[in-house]
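> Sequence:
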Amino acid sequence: MLAELSIKNFAIIESLSLSFDKGLTVLTGETGAGKSIIIDAIHLLIGGRGSAEFVRFGAEKAEIEGLFLLDDDRHPCWQKCADVGIDASDGMIVLRRDILANGKSICRINGKLVTTAVLRDIGATLVDIHGQHEHQELMDPSRHLPLLDEFCGLEAAEALARYRAVYERYEALGNKLKKLSENEQQMAHRLDLLTFQLREIEQAALEPGEDERLMEEKVRIVNFQKIYTALQKSYEALAGDGRGLDSIGEVMRHLDDVAGMDAALKEAHETTANCYYLLEEVMYKLRDQIEEMEYDPARLDVIESRLAEIGQLKRKYGATIADILHYAETIAEEIETIENRETHVHELKQQLAAVTDELLAEAKNVTAVRQTYARRLIERIHQELKDLYMDKTKFDIMFAKREGPLDAPLVDGVPVKFQEDGIDVVEFYISTNVGEPLKPLAKVASGGELSRIMLALKTIFSKHQGVTSIVFDEVDTGVSGRVAQAMAEKIYRIASQSQVLCISHLPQVAAMADTHLLIAKETDGERTKTVVRKLDEEEKVKEIGRMISGVEMTELTKQHAKELLELAAKMKH
Numbered sequence: 001m002l003a004e005l006s007i008k009n010f011a012i013i014e015s016l017s018l019s020f021d022k023g024l025t026v027l028t029g030e031t032g033a034g035k036s037i038i039i040d041a042i043h044l045l046i047g048g049r050g051s052a053e054f055v056r057f058g059a060e061k062a063e064i065e066g067l068f069l070l071d072d073d074r075h076p077c078w079q080k081c082a083d084v085g086i087d088a089s090d091g092m093i094v095l096r097r098d099i100l101a102n103g104k105s106i107c108r109i110n111g112k113l114v115t116t117a118v119l120r121d122i123g124a125t126l127v128d129i130h131g132q133h134e135h136q137e138l139m140d141p142s143r144h145l146p147l148l149d150e151f152c153g154l155e156a157a158e159a160l161a162r163y164r165a166v167y168e169r170y171e172a173l174g175n176k177l178k179k180l181s182e183n184e185q186q187m188a189h190r191l192d193l194l195t196f197q198l199r200e201i202e203q204a205a206l207e208p209g210e211d212e213r214l215m216e217e218k219v220r221i222v223n224f225q226k227i228y229t230a231l232q233k234s235y236e237a238l239a240g241d242g243r244g245l246d247s248i249g250e251v252m253r254h255l256d257d258v259a260g261m262d263a264a265l266k267e268a269h270e271t272t273a274n275c276y277y278l279l280e281e282v283m284y285k286l287r288d289q290i291e292e293m294e295y296d297p298a299r300l301d302v303i304e305s306r307l308a309e310i311g312q313l314k315r316k317y318g319a320t321i322a323d324i325l326h327y328a329e330t331i332a333e334e335i336e337t338i339e340n341r342e343t344h345v346h347e348l349k350q351q352l353a354a355v356t357d358e359l360l361a362e363a364k365n366v367t368a369v370r371q372t373y374a375r376r377l378i379e380r381i382h383q384e385l386k387d388l389y390m391d392k393t394k395f396d397i398m399f400a401k402r403e404g405p406l407d408a409p410l411v412d413g414v415p416v417k418f419q420e421d422g423i424d425v426v427e428f429y430i431s432t433n434v435g436e437p438l439k440p441l442a443k444v445a446s447g448g449e450l451s452r453i454m455l456a457l458k459t460i461f462s463k464h465q466g467v468t469s470i471v472f473d474e475v476d477t478g479v480s481g482r483v484a485q486a487m488a489e490k491i492y493r494i495a496s497q498s499q500v501l502c503i504s505h506l507p508q509v510a511a512m513a514d515t516h517l518l519i520a521k522e523t524d525g526e527r528t529k530t531v532v533r534k535l536d537e538e539e540k541v542k543e544i545g546r547m548i549s550g551v552e553m554t555e556l557t558k559q560h561a562k563e564l565l566e567l568a569a570k571m572k573h
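Residues 1 to 573, numbered by the UniProt record's numbering, are exactly what the sequence shown covers, in order.
FYI, nobody ran anything at the bench for these hints, they're computed from the structure. Model, not experiment: these values are computed from the prediction. One or more of the hints may lead you astray.
[To be verified] In silico EDC-like links for lysine to aspartate or glutamate, alpha-carbon gap of 20 angstroms or less: (1) LYS439 <-> ASP396; (2) LYS314 <-> GLU329; (3) LYS529 <-> ASP40; (4) LYS364 <-> GLU171; (5) LYS562 <-> GLU539; (6) LYS349 <-> GLU171; (7) LYS572 <-> ASP514; (8) LYS316 <-> GLU202; (9) LYS386 <-> GLU436; (10) LYS314 <-> GLU212; (11) LYS572 <-> GLU537; (12) LYS176 <-> GLU420; (13) LYS179 <-> GLU334; (14) LYS401 <-> GLU358; (15) LYS364 <-> ASP407; (16) LYS349 <-> GLU339; (17) LYS104 <-> ASP121; (18) LYS562 <-> GLU526; (19) LYS572 <-> ASP536; (20) LYS61 <-> GLU14; (21) LYS104 <-> GLU60; (22) LYS178 <-> GLU427; (23) LYS285 <-> GLU236; (24) LYS314 <-> GLU236; (25) LYS22 <-> ASP72; (26) LYS558 <-> GLU538; (27) LYS529 <-> GLU60; (28) LYS417 <-> GLU427.
All chains should be built: construct the whole structure from the sequences, respecting the hints.
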């Protein structure tokens, strides 16, 4: 849930800090008091498009910050945070967005700087804002299939998982066959290129680690004189009369005479002896290296030429010799496949035909699951619409096949195109008047009807979508009377599944609120600012009375407001 919201220098809001509870929070107030500005702030907080116009006049930036509390370990927000390296291990998500006076935005999640796209992606799992005129995902036909799958639950997920496992094999085989089925001229060019590349690599006769060994040898030749001098002087320092080894040998002999007299002296003698014999071995190795060293300038030319050849191959075929040799193995396999193309094409077609049959069976199974749940969803929506006094409305879910090329597999006489989510195209249709044909939901335009349709769908889908908070921005526009009461009850029911923030002009909705916030404008000197106040029971009566009758509050209005609150209390319990 959204627990805290802080807004500073945003439009006419100078500084505002709000705490929200679970359940239904209703925001009311006079037109122009700033109710929608608060919703605009939440919209920007979850990645909505920003603008310098939102910054309060005279301020350098607008600041919006929100604290979300999540008690579900499986909430999709956690995985999205983990994907972008955001620590969210304490059950809290803090979103922050600063909008500068020049229009630029700075976005943070749990203190980490993120892009607006990341903020939008994670914000979408936390808040769903539904406004009367805003383009909603439920009105987008491309979202209808995912929504149906969400309603289907585990059964659809399992069927899709089986389908996708086969689909991956289908795609891999199709790509291989497509590559092999290119025209012969392209294949001939490809074969010539690969044959040349393989011959070039094989003629180089590369050995793993060869370039490293050559570089070491090059260093030795380039630094021959320096190395030779160092070896010679080192050898002389150890082997010369009265030099290193002689001195250590003398120490060893003196200690040998007294080693048996004291344990510490014995240890010192053993250490000295070990050092003597180790240094003696070093001396012999230095002598051998000096005798073996030979300066060969011609060898340097050979090394340079070989390293240049290896470098050229690296630029073409891989960063290391191992990569080049691996590439040679890969193209050798491809050459064999092209040279025996007809055989491979025949085998791939047989494999693809078998996998296509398997995939088609899985796709039909996915469709069957969807159609079963679609019938249940239609029944649920009809019931919800009936509760909203739209019992004459007809709702349907239309299924079609995603059409493919003419040579594609046929389903019900239609060539179908396989995609990751199956072969179905799903769209919600509705008819709101008796005798009128069903039309796509996206084309339903009547304000009051649209509000009820969307609320019915939200009632069903709110628990499937998993969002933390749902915001309704004047979704009750265009309704009144018994419809208004029914909508109020629906909104309250949604609030039992998710936290709901609702801007409303309907007293029936306000009466159902668990928390009632009053938004008002105040003038401080020469500036106007928005203030928010949580209402107690007596103040609720006054505000609902104002919503019923306007400015003037009569005893009859007050009594009506009390009755609405009493009715709401009974309905809740």
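> Indicate, hint by hint, whether the structure satisfies it.
Comparing the hints with the structure gives:
1. LYS439 <-> ASP396: holds, 9 angstroms
2. LYS314 <-> GLU329: Holds, at roughly 15 angstroms.
3. LYS529 <-> ASP40: With Cα atoms ~16 angstroms apart, LYS529 and ASP40 stay inside 20 angstroms; holds.
4. LYS364 <-> GLU171: Judged against 20 angstroms, a Cα distance of about 18 angstroms means the pair holds.
5. LYS562 <-> GLU539: holds, 11 angstroms
6. LYS349 <-> GLU171: holds, 13 angstroms
7. LYS572 <-> ASP514: holds, 10 angstroms
8. LYS316 <-> GLU202: holds, 14 angstroms
9. LYS386 <-> GLU436: holds, 18 angstroms
10. LYS314 <-> GLU212: holds, 13 angstroms
11. LYS572 <-> GLU537: holds, 16 angstroms
12. LYS176 <-> GLU420: Within the cut-off at roughly 18 angstroms; holds.
13. LYS179 <-> GLU334: Satisfied, since the Cα-Cα distance of roughly 11 angstroms is no more than 20 angstroms.
14. LYS401 <-> GLU358: Roughly 18 angstroms separates the two Cα atoms, so the pair holds.
15. LYS364 <-> ASP407: holds, 19 angstroms
16. LYS349 <-> GLU339: holds, 17 angstroms
17. LYS104 <-> ASP121: Holds, because 19 angstroms separates the two Cα atoms, which is no more than 20 angstroms.
18. LYS562 <-> GLU526: violated, 38 angstroms
19. LYS572 <-> ASP536: holds, 18 angstroms
20. LYS61 <-> GLU14: Holds, at about 11 angstroms.
21. LYS104 <-> GLU60: holds, 11 angstroms
22. LYS178 <-> GLU427: violated, 33 angstroms
23. LYS285 <-> GLU236: The given pair, whose Cα atoms are some 13 angstroms apart, holds under the 20 angstroms limit.
24. LYS314 <-> GLU236: Given that 20 angstroms is the threshold and the Cα spacing comes to 44 angstroms, the pair is violated.
25. LYS22 <-> ASP72: holds, 15 angstroms
26. LYS558 <-> GLU538: Holds: LYS558 and GLU538 sit about 10 angstroms apart, inside 20 angstroms.
27. LYS529 <-> GLU60: holds, 17 angstroms
28. LYS417 <-> GLU427: Distance of about 18 angstroms is within 20 angstroms: holds.
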